[in-house]
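Sequence order for the protein chains is A and B. Per this note's numbering, the first sequence starts with residue 1, numbered consecutively. Per this note's numbering, the second sequence starts with residue 1, numbered consecutively.
Because the hints were derived from the structure by calculation, they are not lab data. For clarity, every value in this text was computed on a predicted model and none was experimentally measured. Each residue gets a CB set at the ideal place from its N, CA and C atoms; glycine is no exception. Be careful, since some hints might not be right.
30 Å max Cα-Cα, derived DSS-like pairs, lysine-lysine [to be verified]:
1. A/Lys63 - B/Lys354
2. B/Lys389 - A/Lys253
3. B/Lys354 - A/Lys331
4. A/Lys63 - B/Lys389
5. B/Lys31 - B/Lys93
6. B/Lys389 - A/Lys422
7. B/Lys285 - A/Lys327
8. B/Lys407 - A/Lys331
Listed next, the stretches of chain B that the computed footprint assigns to chain A, with coverage defined by at least 3 CB atoms under 8 Å from CB atoms of chain A [claimed, not checked]:
9. 390–404
10. 410–417
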Amino acid sequence: MNMQTGMKLSVAEMALCEAYDHAVGELPGDAAVLTARDGLISEFKAGGLPTRRIEDWHYTDLKALLRTLPDRAPVASAARVEPLVEGSTVLSVENGLVAGDFSLPGVEVRALAETLADGSAAAGLSARNRDDLIGKINGAFVRGGFALDVPAGAALEKPIELQTVQNGGQTHARFPVAFGAGSTATVIERHLALGEGAAFVTTLSDVTLDDNADVTWIILQAQGVTDTHFGQVRIRLGAGSKLRLYVVNAGGKLVRQEVHVEVAGEEADFILRGINLLGGDTHNDLTFTAAHNVPHTTSSEIIRNVVFDRAHGVFQGQICVAQDAQKTDAKMSCNTLLLSDDADFSAKPELEIFADDVQCGHGATVIDIDHTQLFYLMARGIPENRARAMLVNAFVAEIVEELEDEPLVEALEAVIDRWLEKHA
Amino acid sequence: MPAVQETIDQVRQIDVDQYKYGFETNIEMEKAPKGLSEDIIRFISDKKNEPEWMLEWRLDAYRRWLTMEEPGWARVDYPKIDFNDLYYYAAPKNHVGPQSIDDVDPELLRTYEKLGIPLREQEILAGVQTSKIAVDAVFDSVSVVTTFKEELKKAGVIFMSISEAIREYPDLVKKYLGTVVPTTDNYYATLNSAVFTDGSFVYVPKGVRCPMELSTYFRINEKGTGQFERTLIIAEDSAYVSYLEGCTAPQRDENQLHAAVVELIALDDAEIKYSTVQNWYPGDKEGKGGVYNFVTKRGDCRGRNSKISWTQVETGSAITWKYPSCILRGDGSQGEFYSIAVSNGHQQIDSGTKMIHLGKNTSSRIISKGISAGFSSNTYRGQVSAHRKAENARNFTQCDSLLIGDKCGAHTVPYIEAKNATAHFEHEATTSKISEDQLFYCLQRGIPEEAAIALIVNGFVKEVIQELPMEFAVEAQKLIGISLEGSVG
Numbered sequence: 001m002n003m004q005t006g007m008k009l010s011v012a013e014m015a016l017c018e019a020y021d022h023a024v025g026e027l028p029g030d031a032a033v034l035t036a037r038d039g040l041i042s043e044f045k046a047g048g049l050p051t052r053r054i055e056d057w058h059y060t061d062l063k064a065l066l067r068t069l070p071d072r073a074p075v076a077s078a079a080r081v082e083p084l085v086e087g088s089t090v091l092s093v094e095n096g097l098v099a100g101d102f103s104l105p106g107v108e109v110r111a112l113a114e115t116l117a118d119g120s121a122a123a124g125l126s127a128r129n130r131d132d133l134i135g136k137i138n139g140a141f142v143r144g145g146f147a148l149d150v151p152a153g154a155a156l157e158k159p160i161e162l163q164t165v166q167n168g169g170q171t172h173a174r175f176p177v178a179f180g181a182g183s184t185a186t187v188i189e190r191h192l193a194l195g196e197g198a199a200f201v202t203t204l205s206d207v208t209l210d211d212n213a214d215v216t217w218i219i220l221q222a223q224g225v226t227d228t229h230f231g232q233v234r235i236r237l238g239a240g241s242k243l244r245l246y247v248v249n250a251g252g253k254l255v256r257q258e259v260h261v262e263v264a265g266e267e268a269d270f271i272l273r274g275i276n277l278l279g280g281d282t283h284n285d286l287t288f289t290a291a292h293n294v295p296h297t298t299s300s301e302i303i304r305n306v307v308f309d310r311a312h313g314v315f316q317g318q319i320c321v322a323q324d325a326q327k328t329d330a331k332m333s334c335n336t337l338l339l340s341d342d343a344d345f346s347a348k349p350e351l352e353i354f355a356d357d358v359q360c361g362h363g364a365t366v367i368d369i370d371h372t373q374l375f376y377l378m379a380r381g382i383p384e385n386r387a388r389a390m391l392v393n394a395f396v397a398e399i400v401e402e403l404e405d406e407p408l409v410e411a412l413e414a415v416i417d418r419w420l421e422k423h424a
Numbered sequence: 001m002p003a004v005q006e007t008i009d010q011v012r013q014i015d016v017d018q019y020k021y022g023f024e025t026n027i028e029m030e031k032a033p034k035g036l037s038e039d040i041i042r043f044i045s046d047k048k049n050e051p052e053w054m055l056e057w058r059l060d061a062y063r064r065w066l067t068m069e070e071p072g073w074a075r076v077d078y079p080k081i082d083f084n085d086l087y088y089y090a091a092p093k094n095h096v097g098p099q100s101i102d103d104v105d106p107e108l109l110r111t112y113e114k115l116g117i118p119l120r121e122q123e124i125l126a127g128v129q130t131s132k133i134a135v136d137a138v139f140d141s142v143s144v145v146t147t148f149k150e151e152l153k154k155a156g157v158i159f160m161s162i163s164e165a166i167r168e169y170p171d172l173v174k175k176y177l178g179t180v181v182p183t184t185d186n187y188y189a190t191l192n193s194a195v196f197t198d199g200s201f202v203y204v205p206k207g208v209r210c211p212m213e214l215s216t217y218f219r220i221n222e223k224g225t226g227q228f229e230r231t232l233i234i235a236e237d238s239a240y241v242s243y244l245e246g247c248t249a250p251q252r253d254e255n256q257l258h259a260a261v262v263e264l265i266a267l268d269d270a271e272i273k274y275s276t277v278q279n280w281y282p283g284d285k286e287g288k289g290g291v292y293n294f295v296t297k298r299g300d301c302r303g304r305n306s307k308i309s310w311t312q313v314e315t316g317s318a319i320t321w322k323y324p325s326c327i328l329r330g331d332g333s334q335g336e337f338y339s340i341a342v343s344n345g346h347q348q349i350d351s352g353t354k355m356i357h358l359g360k361n362t363s364s365r366i367i368s369k370g371i372s373a374g375f376s377s378n379t380y381r382g383q384v385s386a387h388r389k390a391e392n393a394r395n396f397t398q399c400d401s402l403l404i405g406d407k408c409g410a411h412t413v414p415y416i417e418a419k420n421a422t423a424h425f426e427h428e429a430t431t432s433k434i435s436e437d438q439l440f441y442c443l444q445r446g447i448p449e450e451a452a453i454a455l456i457v458n459g460f461v462k463e464v465i466q467e468l469p470m471e472f473a474v475e476a477q478k479l480i481g482i483s484l485e486g487s488v489g
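Using the sequences and the accompanying hints, generate a full structural model.
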């Protein structure tokens with residue numbers, strides 16, 4: 001419920017409205033796109049930034065957390081970096097703009113600006129509901145990104161890396177990706193920052209899997225310590241399709257990553273694995289909703305959080321099972337290692353069930369390191385800090401190993417190791 | 001896995017159209033005029049011969065209430081309540097306050113007899129040697145009788161209606177009233193602070209173990225009345241008290257409002273056990289009528305090593321909105337919440353608990369079983385939080401729900417908030433997590449797994465229900481047979 005209509009706008013809210021007034025003239029898009037953009041910004045003006053009174057934002061009070069915005073212009077130039085996994089095809093958005101050659105054999109790739117200009121992207125520019133801040137902001141400002149169409153039956157051997165590289169300033173990028181029936185692919189969505197300037201980045205991926213498509217999608221957010229990142233993935237799963245989604249957060253100051261899944265075809269299978277590595281003054285929010293709308297579908301979510309320093313971690317998960325969705329099997333678990341007295345973690349794992357023949361469960365734990373395990377390692381001559389690091393590493397690495405894609409597992413483990421070395 | 005037939009049958013037995021307490025008592029009533037205003041509050045206060053400070057307290061709450069908005073976050077849906085279309089005070093005529101049983105209107109006695117509530121002390125004494133229970137009977141806005149007062153007084157325990165306590169022990173009431181649920185707490189608690197008419201007051205002095213179960217039985221009878229009860233229980237150092245409440249209402253087409261506030265205070269090493277068998281009229285098959293049960297219940301474990309335990313069996317009310325909570329302030333304090341909530345017909349339940357860990361080495365345990373059938377909606381909403389200084393806070397939460405039929409809904413909304421690295425919170429919502437040891441023990445003796453699980457779950461339910469005196473737990477008893485196979489988190 002949004003009761004803020006007519007309220008005085010905060011500094012950040014004003015800045016966003018003004019930024020829109022300045023930007024709208026140069027943003028790509030035909031008349032339909034412009035109408036959609038205008039609609040979204042006026043929805044934003046009416047609601048403002050969400051406060052903790054808005055249930056979807058209960059633990060991420062943006063009115064309090066997002067006080068200022070960086071200038072729209074980047075601080076310095078940005079260029080693509082080497083892909084996470086060797087041999088991947090990189091499609092990069094550098095300081096908000098599509099750069100270089102972006103052809104990809106066997107896949108139809110278009111720059112998002114093109115789809116905005118011809119109006120085909122207009123339909124996607126909408127908010128999921130009245131509290132969908134990311135949908136509103138991203139839709140109003142979106143400029144860079146790629147639209148991908150993976151043909152039916154295509155089997156992509158090498159991963160596709162969708163990269164945003166930012167050097168201060170603001171970027172709003174979007175990646176509509178459609179996987180045809182029976183196609184298989186691995187996509188890495190990677191968000192990075194160069195330099196020291198604060199950046200404000202929103203990204204929205206619209207992912208649809210046709211029947212029997214089999215996709216692995218990795219989101220690696222590793223922005224700078226002063227950056228704000230709002231990401232959203234909207235997923236629709238067709239019959240018999242399978243999506244493994246890994247979300248790894250290892251950076252940023254204020255981060256909200258939303259995952260919204262509509263399980264729309266029978267026998268579809270969704271897997272979410274989240275790793276949130278939180279340190280410094282980070283506020284990190286992973287929010288997930290799954291709507292099981294048809295019978296015989298499965299979903300499984302495991303979230304592992306490691307919280308150091310003064311970091312604030314949030315996980316909100318909601319599994320909705322519709323009346324017709326009999327035989328749904330949905331499991332959600334959220335485990336947190338809270339390693340500092342100045343840190344905190346809040347979890348809200350919700351179930352909303354209207355079908356009577358389902359198996360749904362959730363578990364949530366918050367603990368510190370197991371002292372018997374620590375003792376075991378130390379008794380074998382491993383110094384305490386090393387032993388701790390091993391245990392923390394094991395806690396998160398466990399779920400990376402499930403991927404069974406060696407180069408990918410190694411790359412992600414390296415990211416985790418580097419992060420832990422710096423923070424543990 | 002769907003629920004087994006036995007469970008379905010048992011839930012059907014407590015369906016809305018089986019409501020047995022829907023009769024009406026014909027008795028002459030004295031009522032305040034309809035509506036809510038400062039004059040009505042003065043009228044109530046005057047009727048109760050309250051001291052000036054109490055009136056001021058009420059008026060202050062009323063003025064605040066006028067500035068508040070009705071909360072809309074709960075998963076319940078009901079038409080807007082017209083607070084000016086209610087009677088805020090209704091008492092049997094010629095009623096002069098709780099008195100000896102012989103002065104009570106025989107019609108009232110018959111009512112309680114029909115409800116199975118023992119109001120005559122001698123009857124209980126002459127009967128089979130069951131445990132003694134002292135009862136405070138609240139009929140609409142007033143307490144009609146409180147039993148065993150004298151015997152309790154000998155032990156030093158004060159048990160009387162809150163109106164009496166305000167007159168007889170003003171200092172005690174003043175010291176504790178509103179310290180757990182402040183008048184500004186929430187919309188309905190503020191309304192209650194302004195207009196509460198009766199309820200129970202319990203004071204157990206230092207070192208005293210209350211010699212018998214205390215209980216209050218609430219009955220809404222009069223048409224168009226709201227019942228606003230206020231209960232205050234104080235257990236001094238090392239004291240112990242077990243208290244239970246029961247409630248019913250006649251069958252009516254209109255909705256009736258019941259907005260209570262219960263405050264519990266446990267000092268050093270004290271323990272309070274609070275049980276509820278809630279059986280307000282749930283409305284008919286079409287969802288017409290029934291009681292709106294909007295209740296604020298909170299216990300404050302103020303002292304070291306104190307303990308507060310909430311047990312509730314919820315089968316009634318059209319709409320339930322209540323979260324019996326524990327503030328674990330004292331070091332080493334403990335909070336417990338055991339709940340069985342059954343919804344049927346068009347009932348809506350949004351209930352759960354809050355465990356707020358503030359002190360060091362505090363622990364809490366939440367076991368919640370929700371069963372929804374018919375067209376009902378049953379939501380568990382609970383919060384567990386550990387504050388910065390709550391070193392070694394421990395929580396275990398288990399909430400299971402069972403759906404019978406595909407027209408109802410079950411929801412779980414837990415809020416888990418840890419601000420201390422030494423906190424250990426575990427939340428789970430599956431039946432498969434039954435103690436491995438117990439399961440192994442049963443399996444080893446040749447009991448099939450499913451039967452073993454049912455046995456263990458039933459064992460738990462039984463344990464909760466057995467703690468309720470049976471006179472009040474007819475409905476609860478039926479639940480013993482209900483297992484939660486096929487349940488979901």
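Cross-check of the supplied hints:
Proximity of A/Lys63 to B/Lys354 is assessed by CA-CA distance (about 26 Å); at most 30 Å being required, the pair is judged to hold. Among the hinted pairs, B/Lys389 with A/Lys253 is consistent with the structure: their alpha-carbon atoms are about 25 Å apart, no more than 30 Å. The hinted pair formed by B/Lys354 and A/Lys331 meets the criterion: a straight-line CA distance of about 24 Å does not exceed 30 Å. Of the pairs offered as hints, the one joining A/Lys63 and B/Lys389 holds, with about 27 Å between alpha carbons and a cut-off of 30 Å not exceeded.
The straight-line distance between the Cα atoms of B/Lys31 and B/Lys93 is roughly 9 Å, inside the 30 Å bound, and the hint therefore holds. Pair hint B/Lys389 plus A/Lys422 holds up; C-alpha atoms about 28 Å apart against a cutoff of 30 Å. Between B/Lys285 and A/Lys327 the CA atoms are separated by roughly 29 Å; this keeps the pair inside 30 Å, and the hint holds. For the hint pairing B/Lys407 with A/Lys331, the CA-to-CA distance comes to about 23 Å; that is within 30 Å, so the pair holds.
Counting residues of the stretch 390–404 of chain B whose beta carbon lies closer than 8 Å to any beta carbon of chain A gives 3, which reaches the threshold of three, so the coverage claim holds. Taking a C-beta to C-beta cut-off of 8 Å, the stretch 410–417 of chain B contributes 8 residues in contact with chain A, enough for the three needed, and the coverage statement holds.
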